[in-house]
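Protein sequences, first through last, are from chains A and B.
Using our numbering, the first residue of the first sequence is number 1, and each one after it goes up by one.
Using our numbering, the first residue of the second sequence is number 1001, and each one after it goes up by one.
Keep in mind that the hints are not guaranteed to be accurate.
[Said to hold, decoys possible] Where chain A lies over chain B, by a calculated footprint (3+ residues, C-beta under 8 angstroms): (1) 1008 to 1020; (2) 1324 to 1330; (3) 1345 to 1358.
[Stated by the list, open to error] What follows is a set of in silico ranges between Cβ atoms, one per label pair, in the way DEER data are often shown: (4) A/Pro-141 / B/Ala-1165: 27 to 33 angstroms; (5) B/Arg-1319 / A/Pro-141: 57 to 63 angstroms; (6) A/Gln-55 / B/Ala-1165: 48 to 54 angstroms; (7) B/Leu-1060 / A/Phe-232: 26 to 32 angstroms; (8) A/Ala-334 / B/Gly-1052: 30 to 36 angstroms; (9) A/Phe-232 / B/Arg-1259: 49 to 55 angstroms; (10) B/Gly-1052 / A/Arg-223: 53 to 59 angstroms; (11) A/Gln-55 / B/Glu-1117: 30 to 36 angstroms; (12) B/Glu-1117 / A/Asp-322: 55 to 61 angstroms; (13) B/Phe-1280 / A/Pro-141: 44 to 50 angstroms; (14) B/Ser-1374 / A/Pro-141: 49 to 55 angstroms.
Simulated from the structure, these hints should not be mistaken for laboratory data.
Where is the CB? At the ideal position from N, CA and C, for every residue including glycine.
Here's the letter readout for the chains.
There are 2 protein chains.
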Amino acid sequence: MARIVMKFGGTSVADLDRIRAAAGRVAREVEAGNQVAVVVSAMAGVTNQLVGWCQSLSPLHDAREYDAVVATGEQVTAGLMAIALQAQGVEARSWQGWQIPVVTDGAHGAARIERIEGKGLIHRMETGQVAVVTGFQGLGPDRRTTTLGRGGSDTSAVALAAALAAERCDIYTDVDGIYTTDPRIVPKARKLARITYEEMLELASVGAKVLQTRSVELAMKERVRVQVRSSFTDAPGTLVVDEDEIVEKPMVAGIAYSRDEAKITVRSVPDRPGIAAALFGPLAAANVNVDMIVQNVAADGTTDLTFTLGKADLPRARRLLDDAHEAIGYAEIAADADVAKISVVGVGMRSHAGVASTMFRALAEKAINIQVISTSEIKVSVLVGAEYTELAVRALHTAYGLDVA
Amino acid sequence: MARIVMKFGGTSVADLDRIRAAAGRVAREVEAGNQVAVVVSAMAGVTNQLVGWCQSLSPLHDAREYDAVVATGEQVTAGLMAIALQAQGVEARSWQGWQIPVVTDGAHGAARIERIEGKGLIHRMETGQVAVVTGFQGLGPDRRTTTLGRGGSDTSAVALAAALAAERCDIYTDVDGIYTTDPRIVPKARKLARITYEEMLELASVGAKVLQTRSVELAMKERVRVQVRSSFTDAPGTLVVDEDEIVEKPMVAGIAYSRDEAKITVRSVPDRPGIAAALFGPLAAANVNVDMIVQNVAADGTTDLTFTLGKADLPRARRLLDDAHEAIGYAEIAADADVAKISVVGVGMRSHAGVASTMFRALAEKAINIQVISTSEIKVSVLVGAEYTELAVRALHTAYGLDVA
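Build the full structure now, drawing on both the sequences and the hints.
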């Protein structure tokens, strides 16, 4: 007997047939003797429609009203899931954020869960009743419904698993696990049986859009064992766990890529103290997230600065730098949106040497020019021309011995 | 300065344009210096879809989960209406049933409002904020959302008007008022400026589907002045008020008809005490509502009994009477679904003689045979062949002097 949380994303509850199928999976876990809490997203497409309505009525809509509107998507799915479970002979009831309650801060539209008062829910679960919980929503200090921001249902599920001291949090989605890289690019990509939180975080943030980053951070902090698995097959998924649970740590767990990056080079910046602050201060103030930063060694009293940022922020960043031209005193700005970031990720790097040099050699063999390099404890990222994305990913996948035999 | 409640039905908030238009009406009342509470239904079609989903998953679904699902329709409209009002510069917030709270009994799916704890809401309204309230829903004793049953938003609006001691409850709908009869049948039908609660109740229950019966009963009990008016024109509507507010009471306020009736005749029933109980007991136990009842004078120790009931109940009623054949001992049963009930309604009948005779004469002149007659203090109803419906309504409308000059 174990207590588990099962979370179903929008595509897994997209219509009545899929809700029935998801209910069938829950029923099997109940029959196996488990206490189950189910967290549901809105049916696929519903949230987008609700968001669209709010935006049509007013681009600058009241976030509290936005929350009242969009939170209904999960409420519908939770009620339908409870009905579907009952129809399969499983005792169940739905719980909305305000009923449990899932207490959040007051940041409507992007709230953070502060605590889950799960006593009533646990009591019902102990009598054998499945708790069907609306993902993505909570109760704010103003006694109104809050939402956690897009993708927040993953975070709801992990937070609930922590509050319930659940043995496992299963995230059912439209992929069947975490792969060594994107299988659409590398057919020889391998599904990982296990991955560490840290690796998952790096993979999530560089483009493998399976789990919401915040949910992984929370799982790591609360030591919640997360399993990513498919709603459509019975294949085992990928377990996201603590490093201690993985005995044999491969040097590289996976290769990620992102085409959402852009590069800005600021040429001939006066090489004096405070210049980086003058340059990045306005960007930070405008919420432009800067990722990789490279500064060349100075010559003739000036230096070149290159950094990457989200492609969507490019026009805004250019405008901000234009405005700061006099204050900074650079010669010119060059922007390039035609780039991709390729990253190799693995906790094994900590104890293995030569990860970066393997990367550079593999790319050089394919004549791929590296524009920017950045490294962290468990990741090496390079910026390359966008047209080399697939070639680079495939070369690295082979170079690190990740290809399926 | 007055406090008013404005209720918008499903067709009045069917899409974003109509929500904007409804918000415009609210804005005008606010500009005129009124304190306004708005009650909204779900967007037209939404409730039907949600109900359909529940029924598809399980015909005998849990009413508590059904309520959780279908209550979302009003929640969406309330949030969108608040956003639309804000976009027009009107301060507004949405309130869900559990937030006010609108306290109901525990009869999920058909709950009754017990009280509305309107303090917080009144406080906000007094600062000039429009309260946008979800119709149709409340909070049950189990701390879960309840719904009032179809059409319940009218009742929500009247109950809120009573709790707020509002001067008026305006029901915006897709007709522009209450007419002397159905204008599709009688082009000369006249819109009534005022009608009494009692008349409205009789008209509502016999087929003029404008206001939900329960809402009129509540308005009568709480003395709430209700105005029925169109969302699509600025023409004045019909005020439903206490008899005292109408100085000149016409003998007949309106002519109603219903084609949803059926007639059953039970022939040669033994004419002995208790036979009516033996006949109608099983029907009542099975929730079959019997309307008009006529029993002929007995001859040869037997009698014929005729009664009317809802057309939808006819097969069930036949089965019940077949089962009770031996217990009752009748000769045969004749059923006829091809009938219509025509009613003339008016509080003025109390002080005018000759209402019924005018009716019988007018129908006789058109050679319309009357099958059953029943009367109440303010209503005379007759059952006629369904094919005479329009002819009968037109003849009576003229006979009582209701035609537009």
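Consistency of the hints with the structure:
Figure legend: the region 1008 to 1020 of chain B, annotated as covered by chain A; annotation consistent (3 residues with Cβ-Cβ distances under 8 angstroms, at least 3 required). For the region 1324 to 1330 of chain B, the stated coverage by chain A is not satisfied: 0 residues place a CB nearer than 8 angstroms to a CB of that chain, which falls below the threshold of 3. Remark: the region 1345 to 1358 of chain B is not confirmed as covered by chain A, as 0 of its residues place a Cβ nearer than 8 angstroms to a Cβ of that chain, below the required three. In this structure the hint that A/Pro-141 and B/Ala-1165 lie 27 to 33 angstroms apart at CB holds, the actual value being about 31 angstroms.
Between B/Arg-1319 and A/Pro-141 the beta carbon distance is about 58 angstroms. The supplied range of 57 to 63 angstroms therefore holds. Restraint check, A/Gln-55 to B/Ala-1165: a C-beta distance of roughly 38 angstroms breaks the suggested window 48 to 54 angstroms. In this structure, B/Leu-1060 and A/Phe-232 meet the distance hint of 26 to 32 angstroms, their C-beta atoms being roughly 29 angstroms apart. A hinted range of 30 to 36 angstroms is violated for the C-beta pair A/Ala-334 and B/Gly-1052, which are about 58 angstroms apart.
For the pair A/Phe-232 and B/Arg-1259, the supplied restraint of 49 to 55 angstroms holds, since their beta-carbon distance comes to about 50 angstroms. For the hinted restraint 53 to 59 angstroms between B/Gly-1052 and A/Arg-223, the CB-CB distance of approximately 43 angstroms leaves it violated. For A/Gln-55 and B/Glu-1117, the hinted distance range of 30 to 36 angstroms is satisfied, since their beta carbons lie about 34 angstroms from each other. Distance hint check: the CB atoms of B/Glu-1117 and A/Asp-322 are about 57 angstroms apart, consistent with the given range 55 to 61 angstroms.
Checked against the given bound of 44 to 50 angstroms, the beta carbons of B/Phe-1280 and A/Pro-141, roughly 58 angstroms apart, lie outside it. Hint check: B/Ser-1374 to A/Pro-141, Cβ distance near 60 angstroms, so the stated range 49 to 55 angstroms is violated.
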